[in-house]
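Asks: Chains as they are written, first to last, in the working numbering: chain A, 92 to 163; chain B, 108 to 491; chain C, 107 to 484.
Keep in mind that the hints were calculated from the coordinates and are not lab data. Just so you know, not all the hints are guaranteed correct.
[Unchecked claim] With a Cα cut of at most 27 Å, we get these calculated DSSO-like pairs of lysine-lysine:
1. A:K117 <-> B:K188
2. C:K108 <-> A:K112
3. C:K108 <-> A:K117
4. A:K117 <-> C:K112
5. C:K109 <-> A:K112
6. C:K112 <-> A:K112
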Amino acid sequence: MLIVFIFFGIITISSLITPIKNGRIKEIAIICALISIGLYYGIRFAQGEPAWSPLNSLEEWMINSTPFNYNA
Amino acid sequence: MSSVKITKWQMISVGVCYMIGAILHLSEVSATAGRDAWLMPVAGLIMFVPTAAIYCLLVKLHPQKCLYEINEQALGKTLGKVFTFLYMLFFFHICTLNTMQAEAFVSAYLLPGTPVIVCGLMMTAFCAFAIYRGLRAIIVIPFAFGIVSGAYLLFNFLQSVPQMRPEFLRPMLAQEPRVYLHAAHIEATVIYGEIIGLLTFAGMLEKKTKFSVCFIITMIISCLYLILVHLRERTLLGDLTPYVSFPSFGAVRMIGNVTGTLSRVESIYSLVMIAFSIFRVLITLWAVITALKQVFNLQSYTSLIIPAAALAAVYSMRIYASPNDSYIYGLNTTPFVWTVFTFIMPLITLVFAAARRLLTKMPTPNTSRKLPEQGAEPSGAEGF
Amino acid sequence: MKKLLKILCAAVTLCVILLSLGGCWSADEISHKAIILGISVDFADTPEKYLVTAQIARPSQLKASSADGENAYINISSEGVGVQAALHGFETQLSREIYTGHMELIIFSEEIARSGLTPVLDYFYRSSEARFSTPVIIAEGRAADLLDIQADLEQMPVSSILGTMSNQDSDIIMSGTTMGDLLREMVTEHSAVTLALFRVNGKRAAMEKAAVIKGDKMIGSLTIDQKQYELLAGGEYDEGVQVCKIADGKVASFRIMKCVTKHNLKYENGQFSADISVNITGQISGITFGGEEYTIRAREDLEQILRDFITRGINDMFSATKEINADIIGFNEMLRRKYPRDSKSLLENWDDNYRNFPISVSVAATLTGTGAVRERVK
Numbered sequence: 092m093l094i095v096f097i098f099f100g101i102i103t104i105s106s107l108i109t110p111i112k113n114g115r116i117k118e119i120a121i122i123c124a125l126i127s128i129g130l131y132y133g134i135r136f137a138q139g140e141p142a143w144s145p146l147n148s149l150e151e152w153m154i155n156s157t158p159f160n161y162n163a
Numbered sequence: 108m109s110s111v112k113i114t115k116w117q118m119i120s121v122g123v124c125y126m127i128g129a130i131l132h133l134s135e136v137s138a139t140a141g142r143d144a145w146l147m148p149v150a151g152l153i154m155f156v157p158t159a160a161i162y163c164l165l166v167k168l169h170p171q172k173c174l175y176e177i178n179e180q181a182l183g184k185t186l187g188k189v190f191t192f193l194y195m196l197f198f199f200h201i202c203t204l205n206t207m208q209a210e211a212f213v214s215a216y217l218l219p220g221t222p223v224i225v226c227g228l229m230m231t232a233f234c235a236f237a238i239y240r241g242l243r244a245i246i247v248i249p250f251a252f253g254i255v256s257g258a259y260l261l262f263n264f265l266q267s268v269p270q271m272r273p274e275f276l277r278p279m280l281a282q283e284p285r286v287y288l289h290a291a292h293i294e295a296t297v298i299y300g301e302i303i304g305l306l307t308f309a310g311m312l313e314k315k316t317k318f319s320v321c322f323i324i325t326m327i328i329s330c331l332y333l334i335l336v337h338l339r340e341r342t343l344l345g346d347l348t349p350y351v352s353f354p355s356f357g358a359v360r361m362i363g364n365v366t367g368t369l370s371r372v373e374s375i376y377s378l379v380m381i382a383f384s385i386f387r388v389l390i391t392l393w394a395v396i397t398a399l400k401q402v403f404n405l406q407s408y409t410s411l412i413i414p415a416a417a418l419a420a421v422y423s424m425r426i427y428a429s430p431n432d433s434y435i436y437g438l439n440t441t442p443f444v445w446t447v448f449t450f451i452m453p454l455i456t457l458v459f460a461a462a463r464r465l466l467t468k469m470p471t472p473n474t475s476r477k478l479p480e481q482g483a484e485p486s487g488a489e490g491f
Numbered sequence: 107m108k109k110l111l112k113i114l115c116a117a118v119t120l121c122v123i124l125l126s127l128g129g130c131w132s133a134d135e136i137s138h139k140a141i142i143l144g145i146s147v148d149f150a151d152t153p154e155k156y157l158v159t160a161q162i163a164r165p166s167q168l169k170a171s172s173a174d175g176e177n178a179y180i181n182i183s184s185e186g187v188g189v190q191a192a193l194h195g196f197e198t199q200l201s202r203e204i205y206t207g208h209m210e211l212i213i214f215s216e217e218i219a220r221s222g223l224t225p226v227l228d229y230f231y232r233s234s235e236a237r238f239s240t241p242v243i244i245a246e247g248r249a250a251d252l253l254d255i256q257a258d259l260e261q262m263p264v265s266s267i268l269g270t271m272s273n274q275d276s277d278i279i280m281s282g283t284t285m286g287d288l289l290r291e292m293v294t295e296h297s298a299v300t301l302a303l304f305r306v307n308g309k310r311a312a313m314e315k316a317a318v319i320k321g322d323k324m325i326g327s328l329t330i331d332q333k334q335y336e337l338l339a340g341g342e343y344d345e346g347v348q349v350c351k352i353a354d355g356k357v358a359s360f361r362i363m364k365c366v367t368k369h370n371l372k373y374e375n376g377q378f379s380a381d382i383s384v385n386i387t388g389q390i391s392g393i394t395f396g397g398e399e400y401t402i403r404a405r406e407d408l409e410q411i412l413r414d415f416i417t418r419g420i421n422d423m424f425s426a427t428k429e430i431n432a433d434i435i436g437f438n439e440m441l442r443r444k445y446p447r448d449s450k451s452l453l454e455n456w457d458d459n460y461r462n463f464p465i466s467v468s469v470a471a472t473l474t475g476t477g478a479v480r481e482r483v484k
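Bound-form chain A, shown alone (with noise of 0.2 Å):
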């Protein structure tokens, strides 16, 4: 799984070269963007634990702070 990891962190860095031989600093940005945030969440997995995802916490609030749920 290690080798799958590699190869395909190697393709994603690698989507930065065009950008930067450009000159394209937004998509630089965004792209360090979403490698930063797929880290985060790769890392939580590798390690066995849970991380925030934002959809879960939305969804855990509504069932227990507002009446916009089926369990109420």
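Given the coordinates of chain A, assemble chains B and C onto it according to the supplied hints.
Replies: Below, chains B and C without anything else, positioned relative to chain A:
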């Protein structure tokens, strides 16, 4: 204006294949409506009519524009980008939810023992490759694939007819009204509502073709298909339907013909289902990437494809603690969350668009800056 | 250079895809699998443990004739606190990984059936390999003994047992109940279902009774004849033989070719009732009395005998099921479907109300043939 044009039947095939991909998460409707689940596609469609009208009106008021361009033209630059960003999050969640459910299905039934992340990465890698190759892969393939798979699904349904027990459908419509409202809400928002992804293709439709015609045909075919799926589930599994993780697959596993020569037909069915699920992931991933391009005014989305696909694969592992949690939330809160994205936001957009038209008494205003082309081919990709 | 890099990337990607999608990852060769064809579950001698016995196929011995006397199967047992734990115990005894995807039979002992099937069934219906269409039977005594019987005409005991059950399709005494049928009954309130009950006589097994399962427990049994009448009354009877023993040693046998059963539920004056009409078409297959000449009157008399016999048999069957409070025909479900609102109070206490539920039976019989000869040869 998009340079790529798709025909009416290509649009319909994309929409129908996208809707059939929902089959792996129909268990919420089966669990809620029980023996009347087969009527819920119709009830959901009736509940979905106002939403469908909103989509068709939006496209009519903004011809040859996709969802994101409509947002900016109707709501203005800032609010339009906010809405596009929210849609991007919505499509991203649909993409990862579908990936998660497909992974769960594959690792449970098709490839037990294979690490789930590998299934997810393979699926999203395939989708990334298809997006990189351009719209040809996304548009043309469903047409051929849809016809072949549709024929197989019909044949599969006919195989199950001898074992169906219609008495499992009775008594009909004898439950509390709340049950039907709940099930119809799930059907209208979680199943039908996700068709909003089709609006990202609206700008590519040929000029002579009406979007509303394509949309209506797509919804009718999808409704008929969902009725057949729920019918088969209920008449084969009976009261077991809410207990089974994937009821449509569980029902197919019970098929065996009289002579016993044909059995284990679920193997081909499961492959067809996975293919449709992957197609759904493909459409939503494409919607996410084009939304990112629109929000940040990028010239090309090519370099975003792989990071977005990798993030989708990894996030699908952590979106919920377990795939079964999505079932619980799908029953309770997801219909309300999805209502915001599939009904309220398009309604606000429509209100703004209508108000703009009334106030200016002009056709849709030209923006001062040229918007990035929707559907522009990335470098190295094939075009039509 | 750019083109070379592109070709290299494409080649590497293709290799990764081929390796991943070719099924090489965690490859599961069929020749490395121990294919379980039948499983039996008993209570172990150790308290709070189960004894699980599996019949595993030996593909090398599955030939038309086995001159060296080797069996085409092996039976292997393991104890565990649950079925899963016991199956895990097999891994320490076998050189191969077990595979339950081709399991054709599940056997529970009567003791386990009477104590409750839920703890032992849970593994089977959660497993992605096991199928809802797998037949389930009960063994009178030790379930493991059924896997050790002498299979006279088949290569494996499991095949012999399954053959005995499927043999009934054309001469029906017992219809096979699958795991899906059993689970469906367990989730439906107040329902009951019958499972084949086998008894081991020496080295052979015979299907002598039908175990009545209500909820997840065995609450009683029906004789083979009662089971046959249950199939007649339930509308699941296809073809079969009806032997009528009349007074003074006279016997009339009939071959039933077709049976159409209709259930009519009525709600009149606040009272529910059921009318069962059974229409039988058959042939005379043997009589030990009567004149040599075939007459219409003689045929009508025989039809009357058949009618009376079946009516009496079905009524006796209902008496037996009412005694153990087992609605095996499924009147509760029929009432719920036809009168969903009116039947609510009746069905809430169905366990008590079934005993007094009025069921009337009417049988019509038509004899269309007399076999190969028209008249009786004296």
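Asks: Which numbered conditions among the earlier hints are violated in the structure presented, ordered from lowest to highest?
Replies: Structure breaks no hint.
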